[in-house]
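K.L.:
Top to bottom, those sequences are chains A and B.
Counting in UniProt numbering, the first sequence runs without a single skipped number right up to 356 at its last residue.
Counting in UniProt numbering, the second sequence runs without a single skipped number right up to 314 at its last residue.
Do not take every clue at face value.
Below, in silico cross-link-like pairs of lysine-lysine (PhoX-like), each with a Cα-Cα straight-line distance of 20 Å or less [said to hold, decoys possible]:
hint, chain 1, residue 1, chain 2, residue 2
1, B, K214, A, K113
2, A, K139, A, K122
3, A, K186, A, K176
4, A, K139, A, K120
5, A, K139, B, K299
It is worth saying that the hints were derived from the structure and are not from the lab.
Bear in mind the structure is a predicted one, so any value in this text is a computation, not a measurement.
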Amino acid sequence: MDASASALSVRDVTKTFHTPEGGLVHALDSVSLDIAEGSFMVLLGPSGCGKTTLLRCIAGLESPDSGQIALRGQRIDDMPVWRRRVNTVFQSYALFPHMTVAQNIAFGLQMDKVPGDIIKVKVEESLDMVHLSGLGSRKPSQLSGGQQQRVALARALAKEPEVLLLDEPLSALDLKLRRGMQSELKRLQRETSITFVLVTHDQDEAMAMGDQVAVFNAGRIVQVGEPREVYLRPRSRFVADFIGEANVLTGVLDTFGLVVESLGLVPRDRLIADTDAASGRVHVAVRPENVSLQIDPVGTAKVTDVSYVGGDMRVEALASAVSIVSRVPSQGVQPPRIGDRVSISFAEGSLTVVAD
Amino acid sequence: MKAPWSATARQRRQAGQGSWWSGLPGVVYLIALVLLPLILIFIYSFLSRAKLGVGVKWQFTLTPYTELLYSESLSGGRSFDPTYLQIIANSFWYAIITSVVCLALSIPIAMWLATRPPERRTALVFAVTIPFWTSLLIRTYSFIIILNDNGPINGFLKGIGIIDEPIAMLYTPFATVVGLVYTFLPFMILPIYASAERFDFRLAEAAYDLGAAKWTVLRRVVLPSIRPGIIAGMVLVFIPALGSYLAPELLGGGKTSMIANVIAAQFGASRNWPFGAALSVLLLVITLLVLVVFAVVAKRASRAAGRGGWEALI
Numbered sequence: 001m002d003a004s005a006s007a008l009s010v011r012d013v014t015k016t017f018h019t020p021e022g023g024l025v026h027a028l029d030s031v032s033l034d035i036a037e038g039s040f041m042v043l044l045g046p047s048g049c050g051k052t053t054l055l056r057c058i059a060g061l062e063s064p065d066s067g068q069i070a071l072r073g074q075r076i077d078d079m080p081v082w083r084r085r086v087n088t089v090f091q092s093y094a095l096f097p098h099m100t101v102a103q104n105i106a107f108g109l110q111m112d113k114v115p116g117d118i119i120k121v122k123v124e125e126s127l128d129m130v131h132l133s134g135l136g137s138r139k140p141s142q143l144s145g146g147q148q149q150r151v152a153l154a155r156a157l158a159k160e161p162e163v164l165l166l167d168e169p170l171s172a173l174d175l176k177l178r179r180g181m182q183s184e185l186k187r188l189q190r191e192t193s194i195t196f197v198l199v200t201h202d203q204d205e206a207m208a209m210g211d212q213v214a215v216f217n218a219g220r221i222v223q224v225g226e227p228r229e230v231y232l233r234p235r236s237r238f239v240a241d242f243i244g245e246a247n248v249l250t251g252v253l254d255t256f257g258l259v260v261e262s263l264g265l266v267p268r269d270r271l272i273a274d275t276d277a278a279s280g281r282v283h284v285a286v287r288p289e290n291v292s293l294q295i296d297p298v299g300t301a302k303v304t305d306v307s308y309v310g311g312d313m314r315v316e317a318l319a320s321a322v323s324i325v326s327r328v329p330s331q332g333v334q335p336p337r338i339g340d341r342v343s344i345s346f347a348e349g350s351l352t353v354v355a356d
Numbered sequence: 001m002k003a004p005w006s007a008t009a010r011q012r013r014q015a016g017q018g019s020w021w022s023g024l025p026g027v028v029y030l031i032a033l034v035l036l037p038l039i040l041i042f043i044y045s046f047l048s049r050a051k052l053g054v055g056v057k058w059q060f061t062l063t064p065y066t067e068l069l070y071s072e073s074l075s076g077g078r079s080f081d082p083t084y085l086q087i088i089a090n091s092f093w094y095a096i097i098t099s100v101v102c103l104a105l106s107i108p109i110a111m112w113l114a115t116r117p118p119e120r121r122t123a124l125v126f127a128v129t130i131p132f133w134t135s136l137l138i139r140t141y142s143f144i145i146i147l148n149d150n151g152p153i154n155g156f157l158k159g160i161g162i163i164d165e166p167i168a169m170l171y172t173p174f175a176t177v178v179g180l181v182y183t184f185l186p187f188m189i190l191p192i193y194a195s196a197e198r199f200d201f202r203l204a205e206a207a208y209d210l211g212a213a214k215w216t217v218l219r220r221v222v223l224p225s226i227r228p229g230i231i232a233g234m235v236l237v238f239i240p241a242l243g244s245y246l247a248p249e250l251l252g253g254g255k256t257s258m259i260a261n262v263i264a265a266q267f268g269a270s271r272n273w274p275f276g277a278a279l280s281v282l283l284l285v286i287t288l289l290v291l292v293v294f295a296v297v298a299k300r301a302s303r304a305a306g307r308g309g310w311e312a313l314i
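Looking at chain A on its own, in the form it has when it is part of the complex:
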């Protein structure tokens, strides 16, 4: 992607921290990322992977050791926080407790020297947008967690930033509220067409919300792509394991197919078509829903566990040393029992070669 066409472009950003023990931690290790104008980008990764550090570098709350950050083609990495046209929704909401909801929202506009009567109108609009009209005179402490979250959102959006940064904004909400807020955030993003960058460690949330997902591990971005693409074609073992559930098998790949130890030959057409570049000893990942187990008295594997997850049946089987997980809709299927012998087959084009 052309860097000048993107809303936000991050180039080779590195940030190290000193640990109290005197060691060095690479929070960000030469990270580059382009975020398209008006898109919803999710930074996903386990805790301590650097995703929040990148967000703070973009906001200006942290300064990178090296690298560049540009907002619509203009460098912002040496600009003080208060000059950057980006705003953040903090994980803790960080609402000013001594101000009312309306004063909280007005604060950012006052900093921009917006005239008072316009501020009044904008505050009302912002409250309306997050369905909190009429609560402007309340104190944050008089609101529920979900309402505080909305105020934080309204406060940041009122400034009409070029990019809105969201730091695990939903992690403090309970599951049901979180689902509601996810679609709410999607709606706000579509309506305002502001570029959203959201940090989360919850892969379901990332999949549900992002136009693009950037997966972080140990200070690096290991894969960027649309949620579906990242899910179905993980490029590394880490991504395969971190997003959803995956079976990672080791085998030897040649023109006929993949020979997996204790499973035998897996035909070539079970692999995703363009993996021909790889050959020799490889790791492949396959999602449980693409694995089927048939009860077969002479099958290679033995069922070790059967459970129900939602409407799905999840079956674990062991073929000598290799453990395989299968997940199929439970309706109309004769459930296997623990100890049953089964044969394993994979759906066409479902195996993808991953880096170790």
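The hints should help you fit chain B onto chain A, whose structure is shown.
P.N.:
Here is chain B on its own, set in the frame of chain A:
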């Protein structure tokens, strides 16, 4: 009403609740050492001067109070005398300067303390209390050594050639203020620190993020959040500073009298116990009025802040 020691009352008592007589030592202490002396002073202030000036003559009079405003000439004529009003104004002036200087010094110190790593904070707060380990008298005397014409400050300034003649610092109003600020600084730092420690620095980040520059963040987010500590500190500094005795006596050289010095003189050299008592009652009334003012300010601040408040300070 049932007696507090009846069976039902005993049963109603909750775990961790002491019985009524466990507060007795405190009550006895307060009556014997605070209330009784106050009553005594109050009574003395309406009595006549003893013949030799020591003690009082048990005869009712309002003379001690008229003496506050009028002086009596030998011929018996009365004329308005602003001497004591001037001293009260002086005391207020010193107490205000002391509080303001302490406040200006304490906010950055307290913020600095609150932003240190938690394991170092304890040691640093402990360091703030080091002056309390030695008697105030000795510490005040030490400023005579520091501030005098041949002291280290004048020595240093002469040494680097800024001055030829020593700057007269000791026995000036300046010395009094230095002594007062030194004495009361910890009483301002500690409550402000207690508030600052609880301050959520993520709020400052949010303010920066919303476009506020440094001073705006301090004024609009940090200061309102530590206001309870500031008000508590002002009470703890202003009121004792108003009744200070040592610093003006030892460092001001008696030239910069505050009300406490005049009271001491009435019970001592001037031998006018009723007048000393009347001045004491006046100081007490002024102190109470100041407390009421602070309480009103705190209440308004807390109403504006929607939390904390006067109750949180005490």
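K.L.:
The structure should be examined with respect to each hint, and the outcome stated for every one.
P.N.:
Against the structure, the hints come out as follows:
1. Taking the CA atoms of K214/B and K113/A, the gap is about 16 Å. The hint holds against a cut of 20 Å.
2. For the hint linking K139/A to K122/A, the alpha-carbon distance of about 19 Å falls within 20 Å, and the restraint holds.
3. For the hint linking K186/A to K176/A, the alpha-carbon distance of about 16 Å falls within 20 Å, and the restraint holds.
4. Distance restraint check for K139/A and K120/A: the Cα-Cα separation of roughly 17 Å lies within the 20 Å cut-off, and the hinted pair is therefore satisfied.
5. This hinted pair checks out: K139/A and K299/B have alpha carbons roughly 17 Å apart, not beyond 20 Å.
The structure meets every hint from the earlier list without exception.
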